[in-house]
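> Listed below are the residues making up each chain.
Number of protein chains: 2
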Amino acid sequence: MSGRLAVVGLGPGDPRYLTPEAEAALGDAEALYGYGPYLDRVPARSGQARYPSDNREEGARAAAALLHAAQGACVAVVSGGDPGVFAMAAAICEQIEQGPESWRELDVSFIPGITAMLAVAAKIGAPLGHDFCALSLSDNLKPWDLVERRLDAAASAGFVIALYNPVSRARPWQFGNAMERLRRHLPETTPAVFGRAVGRPDELVSVATLAEADATPADMATLVIVGTRETRVIVRPGRSPLVYTPRAAVEVSA
Amino acid sequence: MSGRLAVVGLGPGDPRYLTPEAEAALGDAEALYGYGPYLDRVPARSGQARYPSDNREEGARAAAALLHAAQGACVAVVSGGDPGVFAMAAAICEQIEQGPESWRELDVSFIPGITAMLAVAAKIGAPLGHDFCALSLSDNLKPWDLVERRLDAAASAGFVIALYNPVSRARPWQFGNAMERLRRHLPETTPAVFGRAVGRPDELVSVATLAEADATPADMATLVIVGTRETRVIVRPGRSPLVYTPRAAVEVSA
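First to last, the sequence lines map onto chains L and P. Numbering-wise (the working numbering), the first sequence opens with residue 1 and increments by one. Numbering-wise (the working numbering), the second sequence opens with residue 1 and increments by one.
So that you can see chain L by itself, here it is in the shape it has in the complex:
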């Protein structure tokens, strides 16, 4: 079987974040699959077919790309950020496990990228400076009480918390509920970093407190980092503040 499939992380959207390995994989591909807005970030190449699809069609997109590769083509599936973090890599693996035996023989590779929490953290300092977790607030694929249990566990054990997919039109109340949940464990003054579209013209990165977080605009493309009791804000004259979590930890949240 001669086909190949690469699952490629584009990073946050600016070409300055695209690794040479990802660039090479995009150049090799005869066919590109992906969520439309992510595909739009990849410059057109002659002779390269494009198959955009909608969000929340990850399973069908993964199966179509695998089928195409199994027919002998060199296929790339593009992902925003890193494909292994709330993106296409797991969907591809699910389809390989459930699909025809021949898909297990395919040459499949996963090409990492700068995921949103790393890009947002870098824009503001070092908020992930010590132990941290990454949690999707979408309850499309897990029950909300599991999200709450994970918020409780992470905040009470002193992890910094990076929240992916905080808000969507179909999930209007979950983010406020999550902030209320975190305030049970953390002081209202705990820094919360909001970042979206890093490296793109509409980039916006700001700092709020946990008390103000619910009232801070956020959408599906926003990444929120909630600090710990030890996270600090450095005010700087004439410059935006830095937010960081010290490397040394002594205290566990109550």
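A few of these clues could be false.
Said to hold, decoys possible - Partial pick of chain P residues on the chain L-facing surface, computed with a CB cut under 8 angstroms:
1) Pro20
2) Cys93
3) Ala170
To be clear, the hints were calculated from the coordinates, so they are not data collected in a lab. Positions of the beta carbon are idealized from the N, C-alpha and C atoms, including for glycine.
Following the hints, complete the assembly by docking chain P onto the known chain L.
Same frame as chain L, but now just chain P:
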């Protein structure tokens, strides 16, 4: 004040992972600071001074680089992986907060990179496929009972766990203790991925079970990813296995 400081993530060590943004920052620098083996990864440029230092000298290295930048130089501090993940970014912020007021006026930037857990995950499939945490097993900067508490919280709430700094000569028993701790929450068959030196000639990525993990070789440069009850291994004829954590989660570990 005309000096500049960039804290640059080199990724896992292969130039294929170095972003164009990081490449540009290294090219702009008049002086490079960093842990010796990381500096050795950066090709020499004429007219560029190099200041290598030992591991565990992060505070002194950060202060020296800030002082140099405050004198008007364009300085880069290099970090393996991502500077914000158990690396130099937090040390730089600590020194800015504690140092002379003038350091707050400096043009400081943080340039993200591919951190080890993303590189190792990509080599084996999608083990971080759902909610996950990143935890350093080093107890140099936090008490061991805090590490244990975080392991308990993460495993019992069903987070995949990426372990940085699992073993060093000065910390021989901590990794075995951590695996024993995780076995209280997770089945002995839970997949554990071991990865080191991704993208370098001595790259090694393998899968063990949680029962076998203590007996699997690991050192300071190894990154270990311990799955959840839902993490799966796909056996492939003639190819290495894939490990992934499904996007959908229903079960919380007991």
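> Now tell me, hint by hint, if it's right for this structure.
Against the structure, the hints:
For the restraint placing P:Pro20 at the interface with chain L, the shortest Cβ-Cβ distance is roughly 5 angstroms, inside the 8 angstroms limit, so the hint holds. Taking 8 angstroms as the C-beta contact cut-off toward chain L, the hint placing P:Cys93 at the interface holds, the least distance being around 4 angstroms. Taken as an interface hint, P:Ala170 does not check out: its beta carbon lies about 17 angstroms from the nearest beta carbon of chain L, beyond 8 angstroms.
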